[in-house]
Each structure stands twice: as C-alpha cells, then as structure tokens.
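*Asks:* If you want the building blocks of each chain, they are given just below.
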Amino acid sequence: MTDYNFAYLDEQTKRMIRRAILKGLAIPGYQVPFASREMPMPYGWGTGGVQVSAAVLTPEDRFKVIDQGADDTTNAVSIRTFFERTAGVKTTTKTTDASVIQTRHRIPEEPLTEGQILVYQVPIPEPLRFLEPRESETRKMHSLEEYGLMHVKLYEDISRHGHIATSYAYPVKVEGHYVMDPSPIPKFDNPKLGDMAAIQLFGAGREQRIYALPPYTEVVSLDFDDHPFEASKADHPCGLCGAEDSYLDEVIVDDAGGRMFVCSDTDYCEARQAAGHRGKDAA
Amino acid sequence: MTPLLSVQGITKRYGAHIGCADVSFDLYPGEVMGIVGESGSGKSTLLNCMAGHLTPDAGEVVFDTRAEGPRDTVRMSEPERRMLSRTDWAFVHQHARDGLRMGVSAGGNVGERLMAVGARRYGDIRDKASDWLERVEIDAARIDDRPTTFSGGMQQRLQIARNLVTGPRLVFMDEPTGGLDVSVQARLLDLLRGLVRDMGLSAIIVTHDLAVVRLLADRLMVMKSGHVVEAGLTDQVLDDPQHAYSQLLVSSVLQV
Ligand SMILES: Nc1ncnc2c1ncn2[C@@H]1O[C@H](COP(=O)(O)OP(=O)(O)OP(=O)(O)O)[C@@H](O)[C@H]1O
Ligand SMILES: [Mg+2]
Ligand SMILES: [Zn+2]
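Chains A and B supply the protein sequences, listed in that same order.
Residue 224 in this note's numbering is what sits at position 223 of the first sequence, and the numbering runs on without skipping anything.
Residue 136 in this note's numbering is what sits at position 129 of the second sequence, and the numbering runs on without skipping anything.
The reader is advised that the hints may include incorrect statements.
Listed next, with one range per pair, are the computed distances between beta-carbon atoms [said to hold, decoys possible]:
{"no.": "1", "chain 1": "B", "residue 1": "S46", "chain 2": "A", "residue 2": "R161", "range": "41 to 47 Å"}
{"no.": "2", "chain 1": "A", "residue 1": "K95", "chain 2": "B", "residue 2": "D152", "range": "49 to 55 Å"}
{"no.": "3", "chain 1": "B", "residue 1": "S46", "chain 2": "A", "residue 2": "D227", "range": "26 to 32 Å"}
{"no.": "4", "chain 1": "A", "residue 1": "R63", "chain 2": "B", "residue 2": "G125", "range": "43 to 49 Å"}
{"no.": "5", "chain 1": "A", "residue 1": "G116", "chain 2": "B", "residue 2": "G125", "range": "47 to 53 Å"}
Just so you know, the hints here were simulated from the structure itself, not pulled from any lab data.
Even for Gly, the Cβ is constructed at its ideal location relative to N, Cα and C.
Based on the sequences and whatever the hints tell you, model everything.
*Replies:* Dropping the structure here:
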C-alpha cells in the first residue's frame, strides 16, 4: 500500500505527536494538548490511541490490539488491520511477543517488560471534569495541585453506596503530583500502573490530549484512610484456566441462564490452557 | 494591635469607569465591618478586590497571616492566595448556587474544604459535616441530600457551613440575606450573629439593608460612586449621619 505514508500519518504530524509524547513522559501524568488529526474511523474507536500508536510504531515492531481484554472484537480487529495495511507491521495476539500494545479498558495480566509500549485509548482525560466543567479552572487545579475535589467525588461514592463504588477509571496520583484518569480500566488493573517496566502512553482523540507514564513511575490510587483502595475482582477462579489472580468477565453460556467466569484477558487464558491449566467449566 | 486586614488605597477601574477609588481602612480581629451604599456604588467591586477575586489597579490588601504575619495579598503568588481562600478566608455569595456545588450532597459541600486541606478520614469528615449542618440549623439527616432539594434559606445556611468548617478568621459576605423572605432573613441574621460571636470571626459584609448592618456590624462604611463618603461606628453613622448622602440613605430607610 503506497497510498499512505508509513502508519498513515505524515511525518510532520508524527513529529508533533512525538513531541507531545516526550513532554508527557517528562512530566508524568500531565495532560499535553496536541492537534488531533482526523482519522479514518469514528472517535469512539480510539482515534487518540491510534494516533499515538502511529507516532511510535517502527517497521520492526510487532503490534497487538486489545479491546476489553480480547483481541478479536470488531474494534480490535479493525485497528490491527489498519496498521497491518498502513504500516505493514507484523501483528500478534501474544502479550509477550508484542512490542507495542494498543488497549481499550484493560492492562494485560502478563507483566509487561522493558522495551514494550502500552498505548491506552482514552475517552475523557480530565479526572476533575465530573465536578468542575470549566477547563480554565481544572487546569489551575492541576498546576496548583488543588485536588480536594477528587476526594469529594470519592466521598460522594461512599455516602451513597457505603463504599467507594467507582470501579472503572479510578483516579490515581502520579509521582505525588498530577492526578490522572487511567482511562476506563477496571480498578483491579490500577496497581499495575505503578512501577511498570513498560512505557505507558495515553491518547484522547476527541479531547486532544496525550499523557504518559515513563517506566517505574509511582502511581497511587486515591482513597481515604478508613476506606482504603481495593483492587477488587469477582471472587471466583477462571472457569476455563482456573486462574485465581486474573480479572474475570461473567459470560452467559446457554439459554437456561447458565453463567461462568472467565479471564477477560483472552491471551492470558489461552496461554494458561495451552500450558495444561484447567478450570471447572473447561470442556 | 496589628490589624487583621489593612486595606490601603484600593482602586479598581473598568476601562474609564470607576469601580471603586482609593479605599483605605483597617479591620481588627473580631471586628465586623459593614459596607453600605446604593446599587452600583462599588461595594462588590471593593469586596472582590479584597478577597482576591479581582485584581485592583492600585493599592494593597495586607492580611495578618498565621505563618508570616502581615502580607500584601495582592502581590503574593496565586497559589498562596488560593490557599488563603481555602483556609483563613471565607466568601459567602449572595446567590447560594454561586457558592455551592449543586450536584454534590450537603455533606460533600461542607466536607470539600476539609478535603482540600488534606482531611483523609471519611468518618471524621462526615462527623464534622453533620456537626456543621446542625450548627446552621439544618437537620443532619439531610446530609446526603443535594442542595437543589433545599429551600433558599437552607441553601444559604449550607453555604455558610461550607465556608466556616475550616475555621476561617475572615469572612467576606456579599448581600448574604439578599433575595430571601423577611422572616428567613431574620433567622439567618440571628444565626450569623451567633456564629460571629462564638467563633470570634472578623467579617466584611456588603449589603443594601441597614437592618443587617445595625445587627451585625461594629463599624460602617458608606459608599457612593466608588468612594467612601463616610465611615465610623455603626450606631454613630446610623443615628447621626454627617454626609448628606448618608443622611439620605438613613432617612430613606426610616420611611419604610
Ligand atoms: N465587570 C464590570 N465591567 C464594567 N463595569 C462594571 C463591572 N462590574 C461593575 N461595574 C461597574 O462598577 C460600578 C460598581 O459596581 P459594583 O458591582 O461594585 O456595585 P455594587 O455597589 O456592588 O452594586 P449592587 O448593590 O447593585 O450589587 C458600577 O457602576 C458598575 O456598573
Ligand atoms: Mg454588588
Ligand atoms: Zn482463564
């Protein structure tokens, strides 16, 4: 395909995005504005993540796309195909084989390693948006580290539900300064954000923001002393591979309302099954 | 004694138009200053300049800070000034919706300033919020209700609780009783008077209503066209006004 520049975006745009990424890495958790480009897909499909991936991919990379843990959803397949066609890069579904992983809603169970890049698709980058719609004000709050409002949100949660009910996009504090929205990953994944060996990049297309966590960054989930953060998950082992430590989806398996819990990270589950692990629902 | 607040030569113009001009006064700890004057006389402009919401074109607003003594708040850094706004200062708006988060429960509204200065025990924040709701005569059982379900008087009392929970030393109020029914006003005034006395608060109250200053203010400034035309002890100014404009203001009230 010679109709496109490598990875679709022209070199100047990629340079602009790389500058934003570098700034983001230099100031972990800080939202860097960038001039988001029209991509040949709708915003809800992760155009922010796609632009970040386009800016970091090299011909030698091996690319993986996860959508809610799975590699085979329409969204994941179309983004993977997009880069196969526009960049000619090799793709994979194996976390351990991938050098660049674009994700929506999950962090892989397999610990990532140095040299890997995890690119998140972000719908709403501003964690304070919910309570303070004025952007001039939220920008000031970030620069002055005025984050009382973030705890108001958690306070409201506890007063309404008896516990912190926020289970996705759970806010974190980065290196003791910026409060950051980790994108709608389950809070089960929050502890993996901190001290990760891989580079983590976050792209919000519609909102035109990029932010980043360099390797081994301190990331702390906000909480109260008497309501500490908990990385909760369904209290079951995986029905297919028996894993006790992975994040589970509840799936309906028959017309009679039968249910089972399976790993949301399909690559992780398949690798375990291939290694001989079996859950109670495995055929 | 060091004044808690020393205002020197505050001037604010809107283009060629004068908002307030060359206003100076000292406020001592525990004192309540009333600012009266007709609509457009510059009361809110002056108040907002003192509270850091507007930057004056000239003048100083020197506040006796806990840590470092007297500091000119006009020239201090924005983070320092915003920190003062969350701790030692409070601002009660005329319209409660300007001073409350309408989408957040009463408890969250009261707790916000506590959390802003680092409170991290939910149980403590909630206890303090309950306590403050009771102090402003709101049933603590309403702690999880949103202000949108409160009456105008309750919203105003909630705004006051939200402001006073961190134990500020100086409270700015812009028409705190404006827009409320007369009976609701009276109750709010009683409450404010009690709080000011119990907490030893210093306050600056802007109002149209001479009954408000009569009840709350130790001293009074009368403004006209951006200038202070008369200042003195409240009873003196109200009972024996010297400036023709003050005389007019007082007599117009007596006619009511
Ligand atoms: N943002 C602004 N731009 C231009 N002029 C303004 C602005 N705000 C106030 N003014 C003018 O400055 C003068 C003082 O206004 P200010 O609001 O301080 O009066 P006030 O005494 O608080 O009146 P009120 O009792 O009606 O609240 C008025 O002439 C007003 O029209
Ligand atoms: Mg006014
Ligand atoms: Zn599994």
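*Asks:* All hints, please: hold or fail.
*Replies:* Consistency of the hints with the structure:
| no. | hint | in the structure |
| --- | --- | --- |
| 1 | B:S46 / A:R161: 41 to 47 Å | holds, 42 Å |
| 2 | A:K95 / B:D152: 49 to 55 Å | holds, 52 Å |
| 3 | B:S46 / A:D227: 26 to 32 Å | violated, 49 Å |
| 4 | A:R63 / B:G125: 43 to 49 Å | holds, 46 Å |
| 5 | A:G116 / B:G125: 47 to 53 Å | violated, 39 Å |
Comparing the model with each numbered hint stated earlier shows that hints 3, 5 do not hold.
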